[in-house]
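Enquirer: Listed below are the residues making up each chain.
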Amino acid sequence: MSKKLIELNNISKSYGSNMVLDELNLYIRENEFLTLLGPSGCGKTTTLRIIGGFETPDDGNVLFDGKDITSLPPNKRQLNTVFQKYALFTHMNIEDNIAFGLKIKGKTDKYIKDKIEYALRLVNLEGFAKRMPDSLSGGQQQRVAIARAIVNEPKVLLLDEPLGALDLKLRQDMQYELIRLKEELGITFVYVTHDQEEALTMSDTIVVMNQGYIQQIGSPEDIYNEPENAFVADFIGDSNIIDGIMLQDELVMFLGAKFACVDTGFGTNKPVDVVIRPEDVILTPPERGIINGVVTHLIFKGVHYEMEVKAGGFEWLVHSTTMFPVGAEVGIQVDPFNIQIMNKPASEDEEAVSLEE
Amino acid sequence: MKNKTRLLSGPYLFWAISFIIIPLAMIFSYGLTDRSGAYTLANIASIASAEHSKALWLSLKLSLIATVICLLLGYPLAYILAHMKSRMGMIIFIFILPMWMNFLLRTLAWQTLLEKTGVINTMLTFIGLPTISVINTSKAIVLGMVYNFLPFMVLPLYNSLTKIDDNVINAAYDLGANGFQTFIKIILPLTVPGIISGITMVFVPALTTFVISKLLGGSKILLIGNVIEEQFTQASNWHLGSGLSIVLMAFILVNMLLSAIFDRDGEANVL
Chain V
1 MSKKLIELNN
11 ISKSYGSNMV
21 LDELNLYIRE
31 NEFLTLLGPS
41 GCGKTTTLRI
51 IGGFETPDDG
61 NVLFDGKDIT
71 SLPPNKRQLN
81 TVFQKYALFT
91 HMNIEDNIAF
101 GLKIKGKTDK
111 YIKDKIEYAL
121 RLVNLEGFAK
131 RMPDSLSGGQ
141 QQRVAIARAI
151 VNEPKVLLLD
161 EPLGALDLKL
171 RQDMQYELIR
181 LKEELGITFV
191 YVTHDQEEAL
201 TMSDTIVVMN
211 QGYIQQIGSP
221 EDIYNEPENA
231 FVADFIGDSN
241 IIDGIMLQDE
251 LVMFLGAKFA
261 CVDTGFGTNK
271 PVDVVIRPED
281 VILTPPERGI
291 INGVVTHLIF
301 KGVHYEMEVK
311 AGGFEWLVHS
321 TTMFPVGAEV
331 GIQVDPFNIQ
341 IMNKPASEDE
351 EAVSLEE
Chain W
1001 MKNKTRLLSG
1011 PYLFWAISFI
1021 IIPLAMIFSY
1031 GLTDRSGAYT
1041 LANIASIASA
1051 EHSKALWLSL
1061 KLSLIATVIC
1071 LLLGYPLAYI
1081 LAHMKSRMGM
1091 IIFIFILPMW
1101 MNFLLRTLAW
1111 QTLLEKTGVI
1121 NTMLTFIGLP
1131 TISVINTSKA
1141 IVLGMVYNFL
1151 PFMVLPLYNS
1161 LTKIDDNVIN
1171 AAYDLGANGF
1181 QTFIKIILPL
1191 TVPGIISGIT
1201 MVFVPALTTF
1211 VISKLLGGSK
1221 ILLIGNVIEE
1231 QFTQASNWHL
1241 GSGLSIVLMA
1251 FILVNMLLSA
1261 IFDRDGEANV
1271 L
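These protein sequence lines map, in sequence, to chains V and W. Mapping the first sequence onto our numbering, position 37 (from 1) lands on 37, and the numbers just tick up by one. Whatever position you read off the second sequence (first residue = 1), add 1000 for our numbering.
Think of the hints as simulated: they come from the structure by calculation, not from any bench. Worth double-checking, as some hints may not be accurate.
[Unchecked claim] Now the in silico label distances, taken between C-beta atoms and shown as ranges: (1) W/1019 <-> V/168: 55 to 65 Å; (2) W/1072 <-> V/134: 23 to 33 Å; (3) W/1083 <-> V/105: 23 to 33 Å; (4) W/1249 <-> V/126: 43 to 53 Å; (5) V/41 <-> W/1120: 53 to 63 Å; (6) V/105 <-> W/1113: 51 to 61 Å; (7) V/183 <-> W/1072: 50 to 60 Å; (8) V/183 <-> W/1083: 37 to 47 Å.
[Claimed, not checked] Examples of chain V residues lying across from chain W (beta carbon under 10 Å, computed): (9) 80; (10) 91; (11) 149; (12) 152; (13) 158; (14) 160.
[Stated by the list, open to error] Straight line, CA to CA, 27 Å or less: simulated DSS-like cross-link-like pairs of lysine-lysine: (15) V/130 <-> W/1185; (16) W/1214 <-> W/1054; (17) V/130 <-> W/1163; (18) W/1185 <-> V/105; (19) W/1185 <-> V/113; (20) V/76 <-> W/1185; (21) V/270 <-> V/310; (22) W/1163 <-> V/103; (23) V/105 <-> V/130; (24) V/155 <-> V/85; (25) V/107 <-> W/1185; (26) V/110 <-> V/130.
Every residue gets a Cβ at the ideal spot worked out from N, C-alpha and C, and that includes glycine.
Let the sequences and hints guide you as you build the complete structure.
Expert: Structural data, given as structure tokens:
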């Protein structure tokens, strides 16, 4: 495992009476593609701005390569940022935009020229050197913003929802571009987004945040398959979250039926949240289901059908390649390993429980 | 529908023809003829006379000085205003409050303040300091111009400063620039349209003023505006007055043209 490059220790930040981050702890490893994921107002952008030096935390410290950089201004930090909405210098052409950081550092003309050429090739914008930012499309401007940041050879590239302003197709293309760039450059990417699909596609590590607390840290697979609480399960992809009671190890009851599962250690007769992904719900003829219900909605989604099934008083969301028409009686089955059991939060507030590492 | 919309422009068209187009045409017809009605360029050429060219030169000099002072005072002020987070509306309100008062009134107030036995000198005498004699000098005229026209400098600057995305400035810091480099390389170039608008909006009225120079400069200091006014009011030589007006108009047009080239974003439109 590579070494820790950035460490955030007990970071707190509030604006007025609004607590944005509360004793956040996080470390970022060298060469990692780490994504801060969460809904707006969860503190992800503030976290990024603290790493970039645009905000100073009220409490706690930031270590970079073991050195405390908490109060170091942005222009003295060995990292560069790709901002939301590009933030290009509109009075300079592309070449001068990219050269800005290098000129400040007093590099030679030859060096700068080579770097511009290299960066433009890297982001597939050869021939755009003399163009003005206004004459470029959103996707092209975003590439320039990336080129402008990476020519400075930062150890870490911070990206603040860089694809937010692009349309869906372009966003998907840029995701592959970013993965390629990350591999070619071999540097650390810290990426902020509210788009779970982006996070799942690109990241080595995802940090799910809500209300200033980290909800879960893990690989995309961990986060998707083993969400630690109902918030994560709900935020990452669609899910059915159902109140249940853990009768004993490997047996849970919900909606009046008993389901076999693989979870242990919750005790007996304990109220829990049960999470089942829509694609893990198996529809069967009524006589083979654990509980039975009626299809109430049906939408064709291309790869699969999306159906809503009313069963046991709950609207199940189901993704299946087998179609059952609206009004059809169906049975529902779930494989034991596809049932995810989670402790219930003790109160509303605890939905944003802080995780101890 | 289209005809109805056109009808709505009627009152303005009437206004524009009666009070802009016709007077303009009259100025040209007076300026290009002599008293007998014969076509002549003598009125325009008279700008070259010692008295007139001196007045024009002084006008250009004083309004240029006033513009530079407005820019030097106005830029920091606009910068502070643009970066103020709370109570912004209130401060802008206080700042533009004097603009709502009559221009003549404000200039007369300065006359009272600066007079030999005026408010400022009375106070200076009271605390035992030597008196100042600013009234009836070029300094007083420049002071009057700066006081009256400073808001016209600040507002376009403020407008162009607030248009800069915070992240653009953050990006400059992020790429290693310090505060001074960010200002010189990013903020200043991005506010050029505002600077040009501000300069135009101060320079043009300052160049053509005759009230400020009359009230604060006494009758000793003649600006080109005073010379033209004299031709109309005292000398009753409308031909010469119009001829000199055409020359002044040419200077203004050049200035406007320059500002139109730089100010493509229309910063001046805020007023």
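Enquirer: If I claimed the Cβ atoms of residue 183 of chain V and residue 1083 of chain W lie 37 to 47 Å apart, would that claim hold in this structure?
Expert: 41 Å, holds
Enquirer: Below or equal to 27 Å on CA atoms is what counts here, so check residue 1214 of chain W against residue 1054 of chain W.
Expert: Holds: residue 1214 of chain W and residue 1054 of chain W sit about 17 Å apart, inside 27 Å.
Enquirer: Is 43 to 53 Å respected by the C-beta to C-beta distance linking residue 1249 of chain W and residue 126 of chain V?
Expert: Roughly 51 Å apart at Cβ, these two residues keep to the hinted range, so it holds.
Enquirer: Given the hint that residue 1185 of chain W pairs with residue 105 of chain V, does the C-alpha gap stay at or below 27 Å?
Expert: The hint holds at about 14 Å.
Enquirer: Do the alpha carbons of residue 110 of chain V and residue 130 of chain V lie within 27 Å of each other, as the hint requires?
Expert: At roughly 17 Å apart (the allowed maximum being 27 Å), residue 130 of chain V and residue 110 of chain V satisfy the hint.
Enquirer: Taking 27 Å as the top limit, are the C-alpha atoms of residue 105 of chain V and residue 130 of chain V close enough?
Expert: 22 Å, holds
Enquirer: Is residue 76 of chain V within 27 Å of residue 1185 of chain W, Cα to Cα?
Expert: 18 Å, holds
Enquirer: Please check whether residue 149 of chain V passes as an interface residue: C-beta within 10 Å of a C-beta belonging to chain W.
Expert: Residue 149 of chain V check passes; min Cβ-Cβ to chain W is 8 Å, inside 10 Å.
Enquirer: Looking only at beta-carbon atoms, does the pair residue 1019 of chain W, residue 168 of chain V fall within the given range of 55 to 65 Å?
Expert: 56 Å, holds
Enquirer: Within 50 to 60 Å: is that where the Cβ-Cβ distance between residue 183 of chain V and residue 1072 of chain W falls?
Expert: For residue 1072 of chain W against residue 183 of chain V, whose Cβ atoms are near 52 Å apart, the range 50 to 60 Å holds.
Enquirer: Holds or violated: the hint that residue 160 of chain V contacts chain W, with Cβ atoms closer than 10 Å.
Expert: 8 Å, holds
Enquirer: Answer holds if the nearest beta-carbon of chain W is closer than 10 Å to that of residue 91 of chain V; otherwise answer violated.
Expert: Cβ of residue 91 of chain V sits 5 Å from chain W, so the hint holds.
Violated hints are absent here; each numbered hint is respected by the structure.
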